[in-house]
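Please work from the sequences and hints to get the whole structure.
Each chain, letter by letter, is given below.
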Amino acid sequence: MCDFFVLRLNLMEELAAQKNWTDEERLELAARLDAELDAFIEGLEKKRYEEGWPEDRWQEEMDKHPFFMKKAPQPGDEVHPMFEGLQKLKYDPEENTRDELALNYKEDGNFYMKHKKFRMAVYSFSEGIKSKTENPDVLAVLYNNRSAAHYFIKNYRSALSDAQRALFYKPDYTKARWRAAQCAHELDKFDVCTQLCEELLEVDVDHKEAKTLLHRTKMKKLETERNQRREAAEAKRRLTRFHRLKDAIEQRAIKFDDQRLGKKKEVTEELLRPKFLPLEDHPVHLDNYPEFLFSDFQQQLPETATMSDCLATLFAEPMSCDKANNYRQGNVHVYYENRKAGLVHKVALEKTIAETIAEKGFFVSGGALLFYVVPKDTRIEQEFLNQQRRPMVYS
Amino acid sequence: MDTVKELVQFMQPNQRLDLKAVALTHVLGLTGSAEGKEAILSLDDMLMAIFGLTYDDNHTVAKDAVLSLINLTAEEQGAVQVFELAKKVQPTFEIVNVAAKQICDDQSDLADPWSMVLSNLTRVESLVHEILAILESSEQTLPRLAKAFAQLDYNKKKARLHYLAPIFCNLTQVPRGRELCCQARYQLLEKLLPFASFEASVVRRGGTIGILKNVCFDAVYHDVILNEQDSILVAILQPLCGPEEYSDEDNEKLPIELQYLPESKTREEDPDLRKMLLECLLQLCSTRRSRDILRAKGIYEILREYHKWEAKVGRDSDCLLACENVVDILIKKEEEIGLDNYKTEVEVPADQSEKFVQEDAAYVKTLLD
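Respectively, the protein sequence lines represent chains A and B. All the letters of the first sequence, read from the start, carry residue numbers 1 to 395 under UniProt numbering. All the letters of the second sequence, read from the start, carry residue numbers 1 to 369 under UniProt numbering.
To be clear, the hints were calculated from the coordinates, so they are not data collected in a lab. Accuracy of the hints is not assured; some may be wrong.
Claimed, not checked - Derived DSS-like pairs (lysine-lysine); straight-line CA-CA distance at most 30 angstroms: (1) A:220 to B:147; (2) A:236 to B:265; (3) B:297 to A:221; (4) A:189 to B:297; (5) A:236 to B:253; (6) B:101 to A:170; (7) A:218 to B:147; (8) B:191 to A:208; (9) B:191 to A:189; (10) B:297 to A:211; (11) B:312 to A:236; (12) A:211 to B:156; (13) A:189 to B:265; (14) A:211 to B:253; (15) A:236 to B:308; (16) A:170 to B:191; (17) B:213 to A:221; (18) A:208 to B:101; (19) B:191 to A:218; (20) B:147 to A:175; (21) B:147 to A:189; (22) A:71 to A:130; (23) A:189 to B:253; (24) B:156 to A:175; (25) B:158 to A:218; (26) B:265 to A:220; (27) A:189 to B:157; (28) A:189 to B:158; (29) A:220 to B:297; (30) A:218 to B:265; (31) A:211 to B:147; (32) A:208 to B:147; (33) A:220 to B:213; (34) B:343 to B:333; (35) A:218 to B:275.
Rendered as C-alpha cells:
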C-alpha cells in the first residue's frame, strides 16, 4: 500500500513538470500507468490473505465479534479475545472500584430488562449485589431492579424479599414499596400488603392503584377467612353427622366383614364409605342379580322397610335383560353372603332390613348391604347356591 | 386559697426540680376534689404555671402537669376555662396542637394522658368546631391521629391510645367532623371501624360505636353506610352476632365478614353499647331503599337470633325493646309501610310523642318476666 502511494507521488511530480498535454499523450500516459501498476502487482509476493475471516464461516465470525454480535455470549460459551478484553475492562475488580462494578452490572441488568431477558437480568443484578458495594443507594437500586426482574417471571416470593431489602437500604423507595405490595397481594400475604398500601397512601393519599389494591386485598382476605370459617363449620357438621351414624351403628351392633379382627371394634368413616364406584353417599343398599351380573343400587332406604318393599320398588320397572319376566314379586329368593364363613343365607322377605342386618351371619361388605336376588327354584338359584365360596383370609 | 396561690411561685420552669415536683404533686392532689379544682381554676396564674410545666424536661413533672389538666378539664366548665385561657396567654399555649403532637409522636411518654385531655376538651360541643378547625389546619394531623389509633403498637412507649376513640366520637358530634370521617380520600372511618368489636378495651369499643351512632343519625351518610362494601354495616352488626349457625342460604345473604362465624363468637357485653348499635340500625331503617338493603343482607335473621339471646342471656329490657323496634319495621312488607321515609314523612305531635315514651316505658317493664 505504501509503495503504491510513493509511486503515484513520483508520477504526480513528473506530471507537474510537463504542461501542455495532448489527447494522445494522455492516453499514452494512462496506458503506461496501467502497465506499470500491473507490473507492480505482478511483482508482489504471491501469498494469500489469511488474516481475515474464512469465506465459508464469516457469519459465524461476525457473530463472535463484540462489535457485531447479535446476542451476548451465554455463560460457558467460548468468548472472542476482544470480548474478553472488553469484559476485563468492564468487570475486572482490579480495573473498577466496587461501586463502578456494581453500576456496570446494573447497566447490564437494565439492558436485559429492556429486552425482556429477565433471567439474565436477575443474573446481572445478582452479580452487582455480589460486588460488595457498600453504597446503600446502589444496593437499593440493585435489589429493587432484581425484584422487578423476579416479578416479571412471577417469582413473587423472591421479588417480595428483594423489594423489602431495597426498602431496608432506602426506606422511602416508593417503586420498591409498590412492587412489594403487589407481590404480597399475589402471595396472599394480606396483612403485609395492607400495611405496604397504607404506607404508600401515607406518602401520597391519592395513590389510586394503592387504594384499589388495598381494597382488593381486603376483599380477598375477607373471602379467604370466610372460606376457612365455612370449612370449619362444614367439618364440624360432618363430624356430628358421623358420630350420630356411628352411635346408631353401634347401637344396632352391625357387623362389618372388612373390619380387622383383634383390634377394638371401632367404626371408622373408612368402613362406612361405599367401595362400589357409583355410590358416594353413606347408607346404601345394593341388590345383585347374579344371572345378569348386574347390580342395582338403592340409596336412602329406611331401615324399617321390609325386603318385600324393597323388591317392589326394584321391580316397579321391568328390567330390560329379564326377557322371561322371571324377576317379579313372589317369584324370587333373596340371599346374602357371609363372606367370613363362606356361606349364603336366605332372607326372610317379611323381615325389615333392620332385622335382617341384626342376624348373626350378616356383615356389611364394602360399606354397603349386599343382597343377591335369584328366581325361585330355578337352575340359576341352584348354581348360585352351589358356587364355591371360601371363608375370607385375614392378614 | 392563699396557700394555693403561694404554690405558683414554686411552679416556674426555672425553679428547683424538687420544689416543682412537690408543689405539683400537691396541685395534682387538689385537682382530685371539686373544691380544689374550683380553687385552681379561679387562678389564671396557676393554670399558666401548669401549662408551662407540661413542657418540663423532667418526665414526672411533665406527667403530673398533664394529669392535672385531665382532672381540670373533666367537666364542661373547666374544659372551657382551660381552653379559653390557653388561647389568651402570651405566648399562646396551643393546647390542641400540643396534645395532637404528643399523641402522634410514637416516642412520647405522655401520649395517653394527652389523649385524655383532648378527649375531655372535645366533649364540649361548643369547643368542637374550633378544635376541629385547628386539627384540620394541617393536612397530616387527622390521618396521623387515625393511624396512631388504628395501629395497636403505634406508641413505642406502650401508650395504648384508647382515648382516641372518644376523641373521634366527640369530633363526629358536628357535621364537619362526620364529613371528614366519611371522606373517601383519607378513609379515616375505614381505619376506625374494626375497633367496634375490640374486646380488650371498652373505651375503644365505646368510642368507636359512638362514632357509628353519630354517623348513622345523620341521614346524609346512609348511602355511604349502605354501599356495596358493607364495612360500616359490618361494624354495627359484628358485636350483635353470636355463634349461632345459619343455613347456607341465610349465610349467603349476610355480609361476607359475618358468614359462618365460629362457635367462639361472643356478643358485646355492655348493654348500653348494644343498645347504641340497635339504635344505629333503627336510624338506617328510615328510608325504603335502606330497608330493602337491610333485608337483603339478612339483618332480620341476625336480629332474630339476637333477640332470643337477649331474652335468655343478655337480659336487658331496653335492648330488647330497641331490637324489637328494628324488627317491627323490617318484618313489614313495604306495601304495609306505605311510605318512603319515616323521618321526613311522619310527624309525631308533641303530646303523642310523650304518650309513646310512656307506653314504651310500660312495655319495657313487661319484657323480662
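Structure versus earlier hints - violations, ascending order: Hint check: nothing fails, all pass.
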